[in-house]
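Number 65 in full-length UniProt numbering belongs to position 65 of the sequence shown; there are no gaps in the numbering.
Incorrect hints may have been included.
Unchecked claim - Computed Cβ-Cβ distance ranges for the label pairs, DEER-style:
1) Ala166 with Thr188: 33 to 39 Å
2) Ser182 with Gly101: 32 to 38 Å
3) Asp91 with Gly27: 22 to 28 Å
Hints listed in this document are in silico derivations from the structure and should not be mistaken for laboratory results. Given the structure is predicted, the values throughout are model-derived calculations rather than measurements. Glycine included, C-beta positions come from ideal geometry on N, C-alpha and C.
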Amino acid sequence: MTFTVAIDGPAAAGKGTISKAVAAHFGFAHLDTGLLYRAVGRRTLKGEAADAAARALRPEDLERDDLRTAEVAQAASKVAVIPEVRAALVDFQRAFARRAGGAVLDGRDIGTVICPEAEVKLFVTASAEIRAERRYLELVGKGHDTTREAVLADVRERDARDADRATAPMKPAKDAVLLDTSTMDIPTALSAAIAEIERKMPAKG
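Kindly produce the complete structure, drawing on both the sequences and the hints.
Here it is as structure tokens:
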């Protein structure tokens, strides 16, 4: 069986947490496509050209423990607007999406560009202020020295860059189900996502 769940949305809306939990619940494979761009971004910080870094990306690049820093996040957002980078990573993502046994992909253009034929499309969002507070607490919890104001400014900058880019801008697919997690806890958001996926799954027997 091939069954693709596309989960899009801005940074810190909860799509990564929901995607991992959904994949575990249904026994699907999971791909955080943002890690592809973070891995490319990290390589550009080391001096590589973005398009060359995308073409040379290896699976082990996605397993590094330094992909979640603010510096790498900014680099990822910058390389993600480059058409050659996006093109180099499309085939990898589409092949993953149609693997046997089901797949969950989360990112910013999965339902609109990478997998427009996905059986389920969710767009997970929350207010910029809520998302910035979540990211701030995450960063401080990991020992990073930052401020709420700086994190909010970073979130808004990334939102603008992702939404305004010429190639594959971040936006909900026309048939995506909107999931606003601003006032939801994780179990509530997860339950809503699971219910929508179950509604779209083929009947057994």
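Of all the hints numbered above, which does this structure not satisfy? Sort the numbers upward. none
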